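Peer 1: Listed below, chain by chain, are the residues.
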Amino acid sequence: MRLYRSFNEFGSPLALQGAGAAHSVPNPEDIRRVQLPNGIVVLSRANLNSPSISLSGYLQVGGIFDPDEKLGLANFTSAALLRGTRKRDFQGIYDALESAGASLGFDGGTHTMNFGGKALVEDLSLLLDLLVEALRYPTFPAEQVERLRSQLLTGLAIRAQNTGEMAAQTFDQIAYANHPYSRPEDGYPETVQAINRDDLLAFQQKMYGPAGMVIAIVGAAEPDRVLEMVAAAFGDWSNTDQPTPPELPELAVLEELVRRKTTIPGKSQADIVLGAPGPTRLSPDYIAASLGNSVLGQFGMMGRIGETVRERAGLAYYASSSLGGGIGPGPWRVVAGVDPENVERATQLIQQEIARFVSEPVEANELADSQANYIGRLPLSLESNAGVARALLNLERYDLGLDYYVRYPDIIRSVTVEEVLEAAGRYLHPQRLAVGIAGP
Amino acid sequence: MDNTSYLKTQLSNGMLVLLKEINTAPIISHWVWYRVGSRNEIPGITGISHWVEHMQFKGTPRYPASVLDKAISREGGMWNAFTYLDWTTYFETMPAEKIELALQLEADRMVNSLFEAEEVASERTVIISERQGNENEPLFLLGEELQSAAFRVHPYHHEVIGDLSDLLTMQREDLYRHYRSYYAPNNAVLTMAGDFKIDAMLAQIQELYAMIPAVEETKQNIRPEPLQSGERQVTVEGPGETTYIQVAHRTPPAAHPDFFALTVMDSLLSGASNLNMFGGGLSNKTSRLYRALVEGDLAVSVFGGLQATIDPFLHTFTVVVRPDRTPEQVLSRLLEEIQRIQETPPPVDELARAVKQARALFAYGSESITNQAFWMGFSEMFATYDWFSGYLDDLAAVKPEDVQRVAQIYLRRQNRVVGFYLPTGDGEMPGMKVDS
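Protein chains in written order, with the working numbering: chain S, 835 to 1274; chain Z, 13 to 448.
Just chain S, with the same shape it has in the complex:
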């Protein structure tokens, strides 16, 4: 600790503005936010240093709407959007995209259907055209639907062999019993088999619509021009049937530590996923929990968990923790990949770290380190157009306010060790954890 300055001298990113406007974080002066009459929120910020643009956004539709027997429907629908539209067939769509060196993709989440794309700036209108066609006029050609089904089923077969994914799924089934979060968004082989083309069509027609849609466009385009283009593309979209997202049920609290293993024969390594449901992104203690999580299993070489499981015990190549956040109570969990013979030892070490984490406040310098890291890394996360677009969506999704990144250093610095301890104790209980294991 000889050469670097302590965090107290660390200036906020805004102090770096001297070199020009491009150095500032997104703020109310340079973010353009407009809500179209049909509800769509458009966010835009110019970056004229870049020859490209990045587009991302979401619709208020996700796996949460899926019936149990057709689990994976929302995901299947989003994956099929670019398989054919009223204007173009599959090859026509990808010929347009790939000839321009552009990309566009859809990803079905639990609460929202997320989309993202990028293009050289001269191809922004192409990207928007394809987005309109995909969201509003998909045709789900039968042959393409069957091909896609085969791909999805193979994806599930590969998933079934992935120790990390299966440990996470096992964990979800314990931590979120009788809750939508126990269900994988991509479904199971039998539920994906049960979905037919009419289901996709009906799902898209009923569930897709402008209410709650958000789109962010960042890059070498003037925000005024971007707004005009989005309004022209989506301004006349309406769907009176569009449902409001269902309420999440109450979570059943675990009364004891529950441990379950999914056996996958022939594998060399086992994965452990251990933890409990955490705060939502909107919980008042989310930031405290997030900073605590950094101390627990992120900071430096994977925080305290990395120090104990990897550095001291040499048990794992990766051992870290994460906090889901999100619209609902996403998981707060530790993951580690270990020799199957070391599952017990690693689990015990992780439990000990959690026990310490919830019973003693983190040290002041540990919290200070993580606070400095959060503040200091902000400019890195905003380096690319895609990074800024993600940041803008975050503002909207959680109603953080356009000045959030300006206030961010103060928000981070205001968290105390007591608040971290309180948040830790609220969600993590060493004797009431869900433990999912997958391996040989």
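None of these hints come from the bench; they were simulated from the model. Computed from a predicted structure; not experimentally measured. Using N, Cα and C, we set each Cβ at its ideal position, and we do this for glycine too. It cannot be assumed that every hint is accurate.
Stated by the list, open to error - With a cut-off of at most 30 Å between alpha-carbon atoms, the simulated DSSO-like pairs for lysine-lysine come out as follows:
| id | chain 1 | residue 1 | chain 2 | residue 2 |
| --- | --- | --- | --- | --- |
| 1 | S | K904 | Z | K297 |
| 2 | Z | K297 | Z | K411 |
| 3 | S | K904 | S | K1040 |
| 4 | S | K921 | Z | K368 |
| 5 | Z | K209 | S | K921 |
| 6 | Z | K209 | Z | K20 |
| 7 | Z | K368 | Z | K297 |
| 8 | Z | K297 | Z | K231 |
| 9 | Z | K20 | Z | K297 |
Unchecked claim - Each pair of labels, with its calculated beta carbon distance range:
| id | chain 1 | residue 1 | chain 2 | residue 2 | range |
| --- | --- | --- | --- | --- | --- |
| 10 | Z | M90 | S | R920 | 40 to 46 Å |
| 11 | Z | L180 | S | R993 | 27 to 33 Å |
| 12 | Z | E340 | S | Q869 | 54 to 60 Å |
| 13 | Z | Y188 | S | R1190 | 32 to 38 Å |
| 14 | Z | G242 | S | R1094 | 46 to 52 Å |
| 15 | Z | S344 | S | R993 | 26 to 32 Å |
| 16 | Z | G402 | S | D1237 | 55 to 61 Å |
Once you have looked at the hints, place chain Z on chain S.
Peer 2: Coordinates of chain Z only, in the frame set by chain S:
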């Protein structure tokens, strides 16, 4: 748009330095590259370069391990290291005014790492765990066999992570010797991109590295791989339900003039490869093999790629086979597409698409300062930075006949290794696990 300036110079101790000023964000990315990787390893010490890379995070007298880990993170930096066939590299991307820490740290660990015995011992099990994680992946198991079948004598024979037997037996002395032999200014390239002034930065670098002497170059005995004179096949059986095929052909090094025509060929057959280390790529649904295999209901997906290396390495196609098809059906269709490109020069518009895709990927990659500094060093490992600067023009100069010619030369049967991963369902496979 291009508000940058650039300098390439060599210090008196032989260290190459490339600096690029980019003032669009208050960030600097700093990389130190060493010309050492699995290519410099012999049986008995396979995986040693990667293990040395791990030990570089275990501390020096000035920066003990626990301090080192936290120092960069505390400043909001992102850092990591990679070991590859030909090189090992370390990078830090940090808020511009904090970069001195990265400069100090890399100069220090070029020569002062401790390699303490107990740290070596605990890292041994960490690396074995890393290997076990890799072994969980069918494509790692297949790729490892494919590579060893493709290279009988050249050190590209083994995976960067190394063979388990060597990971169990290598000692601290082996690791330290490897470190002292290759970690020296005359075997290193320092690259930086970002928000700094070139003159001032160069002065700072000179001051830090001036005291580190050059070492005598380690005598290399990298045996060239003899010409392959017949198709080779490998089969791996393992858990799961999914069949994978890899088809590899030995291809020339990145500095060879045919590399660009091969890049275009790869793009036509299996889609544009993204050479950027940071940032996503493009879809490949208009590529010839996607149309033939996936749209032809034979495969679930197909991708391909060419590696930029010092010595001849491999171009590889990878196919995930549909469960209702046999690997032979898929392979035969794939070979038909190879034959087609060997027999007929591709249309000009197909080439134009490949060039536009490469141009777009370059534009996306240039958004990231980390990626810019990466490219300066990466290109110096197998060619020079001019290779990178001229890349788009060299691709644009490729003619349909060039693509046909390189397909005829390099995709010929005698130059091919075919690998199959055959799933055995959920049953345990005898012989899959190595007892340790």
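Peer 1: What are the numbers of the hints that this structure violates, sorted from low to high?
Peer 2: 5, 8, 9, 16
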